[in-house]
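2 protein chains.
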Amino acid sequence: MLGLFVGSEGTLGIATQAYLRLTPRPQDALTMLAYFCCLEDGGQCVSDIIAQGIIPAAMEMIDAMTLNCVEDCHKLGLKRDAGALLVVELDGPKSAIALEKAAVEQCAFNNKCLDIHWAADAQERMLIWKARKSAFGALGRLAPHGYVLDGVIPRSKLREAIAEIHSIGLKHDLPIANVYHAGDGNLHPCLLYNRDNEAEVRRVLLAGREILELCVNLGGTLSGEHGIGVEKLLEMKAAFCPSDLASMLSVREAFDPRLLFNPGKLIPTTKSCGESGARPLLRHQIGSC
Amino acid sequence: MLGLFVGSEGTLGIATQAYLRLTPRPQDALTMLAYFCCLEDGGQCVSDIIAQGIIPAAMEMIDAMTLNCVEDCHKLGLKRDAGALLVVELDGPKSAIALEKAAVEQCAFNNKCLDIHWAADAQERMLIWKARKSAFGALGRLAPHGYVLDGVIPRSKLREAIAEIHSIGLKHDLPIANVYHAGDGNLHPCLLYNRDNEAEVRRVLLAGREILELCVNLGGTLSGEHGIGVEKLLEMKAAFCPSDLASMLSVREAFDPRLLFNPGKLIPTTKSCGESGARPLLRHQIGSC
Chain W
1246 MLGLFVGSEG TLGIATQAYL RLTPRPQDAL TMLAYFCCLE DGGQCVSDII AQGIIPAAME
1306 MIDAMTLNCV EDCHKLGLKR DAGALLVVEL DGPKSAIALE KAAVEQCAFN NKCLDIHWAA
1366 DAQERMLIWK ARKSAFGALG RLAPHGYVLD GVIPRSKLRE AIAEIHSIGL KHDLPIANVY
1426 HAGDGNLHPC LLYNRDNEAE VRRVLLAGRE ILELCVNLGG TLSGEHGIGV EKLLEMKAAF
1486 CPSDLASMLS VREAFDPRLL FNPGKLIPTT KSCGESGARP LLRHQIGSC
Chain P
1246 MLGLFVGSEG TLGIATQAYL RLTPRPQDAL TMLAYFCCLE DGGQCVSDII AQGIIPAAME
1306 MIDAMTLNCV EDCHKLGLKR DAGALLVVEL DGPKSAIALE KAAVEQCAFN NKCLDIHWAA
1366 DAQERMLIWK ARKSAFGALG RLAPHGYVLD GVIPRSKLRE AIAEIHSIGL KHDLPIANVY
1426 HAGDGNLHPC LLYNRDNEAE VRRVLLAGRE ILELCVNLGG TLSGEHGIGV EKLLEMKAAF
1486 CPSDLASMLS VREAFDPRLL FNPGKLIPTT KSCGESGARP LLRHQIGSC
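Protein chains in written order, with the numbering used here: chain W, 1246 to 1534; chain P, 1246 to 1534.
Worth flagging that the hints you see were computed from the coordinates, not collected in a lab.
C-beta atoms are modelled at their ideal positions from N, C-alpha and C, and glycine is treated no differently.
Worth double-checking, as some hints may not be accurate.
To be verified - Distance ranges between label pairs, derived from CB positions: (1) W:ARG1270 with P:LYS1416: 39 to 49 Å; (2) P:MET1246 with W:GLN1351: 48 to 58 Å; (3) P:ARG1266 with W:LEU1265: 15 to 25 Å; (4) W:ALA1347 with P:LEU1415: 49 to 59 Å; (5) W:SER1340 with P:ASP1429: 20 to 30 Å.
As the list claims (entries may be wrong) - Facing chain P, a subset of chain W residues (Cβ under 10 Å, in silico): (6) LYS1339; (7) LEU1344; (8) ASN1462; (9) LEU1463; (10) GLY1464.
The following block holds chain W by itself, in its conformation from the complex (with noise of 0.2 Å):
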């Protein structure tokens, strides 16, 4: 049942216990902090370093706007001139580390890498990671609300959804940033707006509805942390047949026949499209359907 209740957002009851499984930490970590003239050659990057066999601990991209943006904020000393910067963090044996470090600077090179830079110390670590988490903050210097999004994609598709995912925004008449957990093929874009402008809020819904589906199209899902709830029932109607979500009802209902847990959510039914939501961004949405 783990399975099926990890995801299923309190619609089939709550969690009162769990049992963890701990992993010993990695006895050693290293980070490279890597600049490339475009998202598309730091995505496709990524996915060689996968086709590789290298799972790092993790893969974090941003884009220009995103990379100027935390500079005007934390003065780090980032390349401003650079398209999209990479953090690769590997973890594991120190011998492993080392192999995987060579291969890891030849897939960035193999992409046209502009500059590479490993971390020295716990020092440098920490600001690199720095650039990385104050990523979102420091776009509200940008626009006073922002969308984000949590598409997921196969790794091998990244360098595609990058490219259509601007397309959408140029289409649109929006600004993206984007902010990527690259290497899990998890994707942030934030469409920034304002949402005193109505006309540019209904835009910001229909370009988050397509990115959505254009992730969806290329294999991946419709969340990749941060859940379906309100917000995307609709697109819910995408991802699935009318039989799987009929499926999905029917095992919700297996647990809560009266559909008391966490009522309106997840599992688009007739009802929970009519209802309307909390946030004025979701009122738009379901008002355009």
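Once you have looked at the hints, place chain P on chain W.
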């Protein structure tokens, strides 16, 4: 739904298509054969290796009875006076294997290992695996029938489980040959008997149930890889409370309201526990309830 479907034993439907995640072949592999004076020491060695954070590709253990049977069959040159034979296979990058090799040897020596041999080449590695893989076949020399169990325990409880299984064998006057996927806590004790001896068959069924309930009481499960089917319907009641079983049944009914898919398997119902099984062993088992 993946986690729900895997392990449902055909009761939720039939998979007609599957996408498989491939992992790259490891760069190298190294296989150790180690002898201990008793299973408990070998079991503690396995627990210690796991506690070190090492995850070997395989850790397999056989007892003295099985070891001597295999040697009778295949004349591999195994040490007949040992109480347990442990096979550990390490894989991954060459340099990481070298580190792990030293740690695994230390764990073996800490547990009064009698002798260690690392396979020098592919030929030797094949012979070590022959000793393990021919174990069940070789046991046919000792008795006309064998009832192989498939319980799982937390790996940290291996020493305790081995001692208890030995007691259960003594109590029911049954020889038990022990073949363990020790690395993942999956035990395959093989109860040796002759099915023409009805009293012996009854003792086999009782002992089998006691061993599976022992696994559950130690925090483990009824099956590691061979499933529940009709064989362990009664033991399901020891492993799960009535409301757990009721939840499983309602999930099953969500997919198959008339219980037509692989009927009578996996979840005990009045109907399924009253049916007679096809195998002689099972007829006895169900006759006893």
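Hints versus structure:
1. At about 43 Å, the CB distance of ARG1270 of chain W to LYS1416 of chain P agrees with the hint of 39 to 49 Å.
2. As the Cβ distance of MET1246 of chain P to GLN1351 of chain W is approximately 39 Å, the hint placing it in 48 to 58 Å is violated.
3. In this structure the hint that ARG1266 of chain P and LEU1265 of chain W lie 15 to 25 Å apart at CB holds, the actual value being about 23 Å.
4. Taking the beta carbon of each, ALA1347 of chain W and LEU1415 of chain P are about 57 Å apart, inside 49 to 59 Å as hinted.
5. The beta-carbon spacing between SER1340 of chain W and ASP1429 of chain P, approximately 26 Å, falls within the hinted interval of 20 to 30 Å.
6. For LYS1339 of chain W, the shortest C-beta to C-beta distance to chain P is roughly 8 Å, which falls under 10 Å, so the interface hint holds.
7. At its closest, the beta carbon of LEU1344 of chain W sits 5 Å from a beta carbon of chain P; the interface hint therefore holds under the 10 Å criterion.
8. Of the supplied interface hints, the one on ASN1462 of chain W is violated, with its beta-carbon coming no nearer than about 16 Å to a beta-carbon of chain P, more than 10 Å.
9. The criterion of a C-beta within 10 Å of any C-beta in chain P is not met by LEU1463 of chain W, whose closest approach is roughly 14 Å, and the hint is violated.
10. About 9 Å separates the beta-carbon of GLY1464 of chain W from the nearest beta-carbon of chain P, less than 10 Å, and the hint is met.
Checked against the numbered hints given earlier, the structure breaks hints 2, 8, 9 and satisfies all the rest.
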